[in-house]
Amino acid sequence: MRHFFTLLRAELWRLLINPSTYIAAFLFLLIMGFVFQWILLDYANNPKEESPSLTFFQIFVFPIFFMVPLLTMRSIAEERSSGTIETLMTVAVTATEVILSKFCASYVYYALLWAFTGSFHYLFFSFVQEDSIFDPYPIIGGYTFIAISGTLFLSLGIFSSAMTRSQLVAGIVSFTLVFGFIAIGSNLDELATLWISQPIWVEQLSEHTNVIQHMRDFSSGIIDTRAIVLYLSCSLAFLFLSILILEYREGGA
Amino acid sequence: MEKQVPAIEVEKLHKRFGKLDAVNGISFQVAKGQIVGFLGPNGAGKSTTMRILTGYTRATSGIVRICGIPVACNPHEIKRRIGYMPENNPLPNELRVREYLKLRARIKELPMRHRAKRIDEVMERCDLTRAQDRIIGKLSKGFRQRVGIADAILAHPEVIIMDEPTIGLDPHQVIMIRDLIARLRGKMSVIISSHILPEIEMTCDRVVIINGGKIVGQGTPQDLRETFIDSTIYEMEINGKIASLRESLAPIAKEFEINQFSEADNCGFSKATIRIPGVHDCGEDLFRCLANSTDLRVRSMRMRQAPLEDVFLAATRRSWETLDTDLANDDPKPDSDEPAETEISAAS
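Protein sequences appear in the order of chains A and B. Each residue of the first sequence is one higher than the one before, starting from 1 at the first, in the numbering used here. Each residue of the second sequence is one higher than the one before, starting from 1 at the first, in the numbering used here.
If you are wondering where the hints come from, they were derived from the structure by calculation, not from laboratory data. Heads up, a few of these hints could be off.
[Unchecked claim] Per label pair, the in silico range of CB-to-CB distance:
(1) A:Ser81 / B:Phe17: 18 to 28 Å
(2) B:Asp133 / A:Ser81: 42 to 52 Å
(3) A:Tyr248 / B:Lys138: 30 to 40 Å
(4) B:Pro111 / A:Glu50: 30 to 40 Å
(5) B:His156 / A:Glu207: 52 to 62 Å
(6) B:Ile63 / A:Ser81: 26 to 36 Å
(7) A:Ser126 / B:His156: 34 to 44 Å
(8) A:Ser119 / B:Arg113: 38 to 48 Å
Where a beta carbon is used, it is the ideal one built from N, C-alpha and C, also for glycine.
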């Protein structure tokens, strides 16, 4: 792992000098800002008991569907299509270092984008009436979940990118995998209703893979270690598969 | 006395892509400090062989050793000993030249205290100093090629592998790269593939010609000439008629060809090219015959060495003929009751 930090630094530098990074960040924050404003307007018309921050976190999956493929589809596929993977893999770097540096660079960007949305909550609580109770725990829980689940979603994106040389194919596969994990995982019990005698394990499995429920739990202050284990272990598994693909295709050591 | 380990050692190397044998049992060696040219038509297996040498592509079978280390057993170690410039020279378009070379120096584990000095040195050698702050994506092809070459020689590798390094360069840059490669002779082993045959001839100590995944010729350019060229060519400036020339040359060789006989210039001299079968120096006999001829006057005469291009064409043509014969022999024999004409057409 002696070249990991060199590669990570290079990846971050490339992100920093690329204008599309700033355009993507601006558009993401603009859309998320509008969504937050729309939630506040809805609350103004129909007051609810739960905090607007909670509603904001519950719709976090929608930006994820687009953000993850856009962030990760370039990583390996672009190197492969431009041929730079050949110069990279013919020096003494390992496939593990390459995959982890790509993953960490995407993760840093992903985390920064979400961190900027923290300002929405700050602005909101700065302007509400003084007698309202500021509860930071749902916000901390929500962002913790975004950080943990992000490892899995980004590893799915890196895995998709490692499989192909086409960025478009990588983006489509990544979208499908992320959408599949969230949509199928969150509705597994409903999808299994056609199964006449639904086995008990389907119900148990659906509890473990329900991303929406996990977010609800985390943003309510319930830190469920089973969810943490699920996301971290799955992300490690997909990163491992990406390393194997890169080693197989590009002969990495 | 201890035997010197070759810088590159390839033994019975095979690479199969599906049903296609891209590399079919090639063996060759490159001694330390030697510059070797790798020639072959498109699709001959040059780039595949080079990728196998770098450990980027795995061979189907065979042994490749770089500085005595088997590539398949220790690809990581051999990557420290090679500098590689791939075909089409892929580079990150968003980085500046100096930034890219800095990154490569770091990845190639160049000691930090030597890094800046070495980067300046390779930029100077490759005439990149004035372009060091330019974005690679905006550079001309010639500059990009030089960035690739600078990267290949950056970490003082023992073996340099360059796939078409001079493609897209103007004549000045080609001379510069030729000098640069020539200066590496004796210090580093270099293997270059190129389609620019005069370049290879001027730069390389040895040439390996590959076609259809097989080596069809290897040795010094002179060795190859002796193997593949079976005629001697003379160029002369002569005042006289072509019929007289034919008549005077008849005692020297039974079969000879006058390949070219140009229009006479203001002084009445024409340029003639004569091909005599067999490799032997008959310059003295030629002079004597032409001097004795009353109808001919000679102003100049020289033996022309067959260019590497002719060697390359002869070697690849011969290998294609062998391949065609092999394919024809592999064809199933037609049934005995088939007419004889069919057999002839199948064999042809």
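Structure-based check of all given hints:
1. Distance hint for Ser81 (chain A) and Phe17 (chain B): a CB-CB separation of about 19 Å, consistent with the stated range 18 to 28 Å.
2. Our hint of 42 to 52 Å for Asp133 (chain B) and Ser81 (chain A) is violated, since their Cβ atoms are close to 27 Å apart.
3. Checked against the hint of 30 to 40 Å, the C-beta distance between Tyr248 (chain A) and Lys138 (chain B) comes to roughly 35 Å, which is consistent with it.
4. Judged by the Cβ atoms, the range 30 to 40 Å given for Pro111 (chain B) and Glu50 (chain A) is violated: they are separated by roughly 59 Å.
5. Judged by the Cβ atoms, the range 52 to 62 Å given for His156 (chain B) and Glu207 (chain A) holds: they are separated by roughly 60 Å.
6. Taken as a hint, the range 26 to 36 Å holds for the pair Ile63 (chain B) and Ser81 (chain A), whose Cβ atoms sit roughly 32 Å apart.
7. At roughly 60 Å, the beta-carbon separation of Ser126 (chain A) and His156 (chain B) lies outside the given 34 to 44 Å, and the hint is violated.
8. Between Ser119 (chain A) and Arg113 (chain B) the Cβ separation comes to about 44 Å, which falls inside the hinted range of 38 to 48 Å.
Consistency note: the structure conflicts with the earlier hints numbered 2, 4 and 7.
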